[in-house]
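Protein chains: 2
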Amino acid sequence: MSELHLKDALDTLKTTGVRITPQRHAILEYLIESMTHPTADEIYKALEGKFPNMSVATVYNNLRVFREAGLVKELTYGDAASRFDFVTNDHYHMICQGCGKIVDFHYPGLNEVEQFASHVTGFKVHSHRLEVYGTCQECLESAGKQVL
Amino acid sequence: MSELHLKDALDTLKTTGVRITPQRHAILEYLIESMTHPTADEIYKALEGKFPNMSVATVYNNLRVFREAGLVKELTYGDAASRFDFVTNDHYHMICQGCGKIVDFHYPGLNEVEQFASHVTGFKVHSHRLEVYGTCQECLESAGKQVL
DNA sequence: GAATATATTAGAATGATTATAAATCAATAT
DNA sequence: ATATTGATTTATAATCATTCTAATATATTC
Numbered sequence: 000m001s002e003l004h005l006k007d008a009l010d011t012l013k014t015t016g017v018r019i020t021p022q023r024h025a026i027l028e029y030l031i032e033s034m035t036h037p038t039a040d041e042i043y044k045a046l047e048g049k050f051p052n053m054s055v056a057t058v059y060n061n062l063r064v065f066r067e068a069g070l071v072k073e074l075t076y077g078d079a080a081s082r083f084d085f086v087t088n089d090h091y092h093m094i095c096q097g098c099g100k101i102v103d104f105h106y107p108g109l110n111e112v113e114q115f116a117s118h119v120t121g122f123k124v125h126s127h128r129l130e131v132y133g134t135c136q137e138c139l140e141s142a143g144k145q146v147l
Numbered sequence: 000m001s002e003l004h005l006k007d008a009l010d011t012l013k014t015t016g017v018r019i020t021p022q023r024h025a026i027l028e029y030l031i032e033s034m035t036h037p038t039a040d041e042i043y044k045a046l047e048g049k050f051p052n053m054s055v056a057t058v059y060n061n062l063r064v065f066r067e068a069g070l071v072k073e074l075t076y077g078d079a080a081s082r083f084d085f086v087t088n089d090h091y092h093m094i095c096q097g098c099g100k101i102v103d104f105h106y107p108g109l110n111e112v113e114q115f116a117s118h119v120t121g122f123k124v125h126s127h128r129l130e131v132y133g134t135c136q137e138c139l140e141s142a143g144k145q146v147l
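The listed protein sequences correspond, in order, to chains V and F.
Position 21 of the first sequence, counted from 1, bears residue number 20 in numbering that gives the first Met the number 0, the numbering being contiguous throughout.
Position 89 of the second sequence, counted from 1, bears residue number 88 in numbering that gives the first Met the number 0, the numbering being contiguous throughout.
Any given hint could be a false lead.
Listed below are the simulated DSBU-like cross-link pairs for lysine-lysine, each with C-alpha atoms no more than 35 Å apart in a straight line [to be verified]:
#1 K44(F) - K72(V)
#2 K100(V) - K49(F)
#3 K72(F) - K123(V)
#4 K123(F) - K72(V)
#5 K44(F) - K44(V)
#6 K72(V) - K72(F)
Take a look, some chain F residues computed to stay more than 12 Å from chain V by CB distance [claimed, not checked]:
#7 T35
#8 E111
#9 K123
#10 R128
Chain V residues, not near chain F, derived (Cβ > 10 Å throughout) [claimed, not checked]:
#11 L5
#12 T14
#13 V17
#14 M34
#15 A45
#16 G48
#17 P51
#18 A68
#19 T75
#20 G99
#21 L109
#22 E130
#23 G133
Calculated from the structure, these hints are not laboratory results.
For glycine and all other residues, C-beta sits at the position ideal for the given N, C-alpha and C.
Using the sequences and the accompanying hints, generate a full structural model.
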């Protein structure tokens with residue numbers, strides 16, 4: 000399954016005329032395999048073994064290339080670093096405000112909201128972003144302990 | 000109407016035990032009056048006349064105070080500075096990817112999504128954030144001209 | 001009014017991201 | 001094969017939003 004995603008992604012790059020370098024291959028692969036929506040720095044550190052000379056700038060550069068090719072979405076936060084999400088089908092993010100964990104959940108796209116918003120504002124709509132914030136089980140439990 | 004909002008906000012602060020300083024009053028007032036969802040720096044610059052000695056840190060500090068009191072929401076973006084939104088009733092944001100403009104639109108809260116997400120992930124849900132991205136009329140028109 | 005707590009200020013520090021310039025690599029034409 | 005050209009990577013410096021720190025000022029309590 001993730002092999003298919005990788006293959007599709009590489010095809011997309013090829014048809015877009017983006018050269019597939021070893022670094023790009025590795026970054027994509029890591030993005031697809033990891034379920035953690037990593038930051039640029041996490042990707043950088045994870046690939047240190049394979050590419051001891053790789054620069055952080057390369058990670059950022061290529062994440063931008065992937066974003067422009069529509070392969071990757073950037074999830075931005077105020078305080079902390081952006082996280083990068085390989086684009087698959089309709090899913091949204093549940094974010095734990097205790098530990099920062101991000102969990103995907105599938106939900107049908109909110110097309111009616113897009114249409115409504117477009118109608119009211121006169122904008123041409125491209126996309127939308129929905130995130131739900133809460134506290135995960137682990138954090139709920141450790142918070143319970145704290146109170147004692 | 001905005002006077003009521005200001006009064007409510009000041010009441011909230013008073014009951015929360017937050018001291019109302021001239022700077023805090025001015026920042027709140029500006030947030031409520033301005034429809035532009037300003038950045039911290041915009042607020043800082045806007046109040047330079049009234050408070051020539053005010054520090055940017057004061058703006059940030061107090062925006063955090065307001066956020067913790069539930070009066071203000073922070074809208075974060077990857078590249079650019081956070082924007083701050085005075086909390087009123089159910090509304091979401093339409094964001095122009097051409098010029099960065101933010102337009103509010105009212106829409107009933109997506110409670111069923113929150114419930115669904117909570118059920119699926121086991122998180123305790125606090126809130127959610129929805130943004131719709133698109134292109135505003137002005138940018139659509141100027142893009143049309145560009146093509147010629 | 002003195003003592004104490006809270007806010008503000010000014011400026012330094014942090015940390016994510018981007019820009020720059022040099023070095024390396026890939027592709028194509030010679 | 002080799003030279004040429006353009007794209008990619010690297011290393012490092014620069015930028016910019018935000019936070020931290022220490023000193024000063026302001027408000028509150030006794």
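Hints versus structure:
no.	hint	result
1	K44(F) - K72(V)	holds (33 Å)
2	K100(V) - K49(F)	violated (42 Å)
3	K72(F) - K123(V)	holds (26 Å)
4	K123(F) - K72(V)	holds (25 Å)
5	K44(F) - K44(V)	violated (39 Å)
6	K72(V) - K72(F)	holds (23 Å)
7	T35	holds (15 Å)
8	E111	violated (9 Å)
9	K123	violated (5 Å)
10	R128	violated (5 Å)
11	L5	holds (25 Å)
12	T14	holds (24 Å)
13	V17	holds (21 Å)
14	M34	holds (13 Å)
15	A45	holds (21 Å)
16	G48	holds (28 Å)
17	P51	holds (28 Å)
18	A68	holds (17 Å)
19	T75	violated (4 Å)
20	G99	holds (13 Å)
21	L109	violated (7 Å)
22	E130	violated (5 Å)
23	G133	violated (4 Å)
Violation of the numbered hints given earlier is confined to hints 2, 5, 8, 9, 10, 19, 21, 22, 23; the remaining hints are satisfied by the structure.
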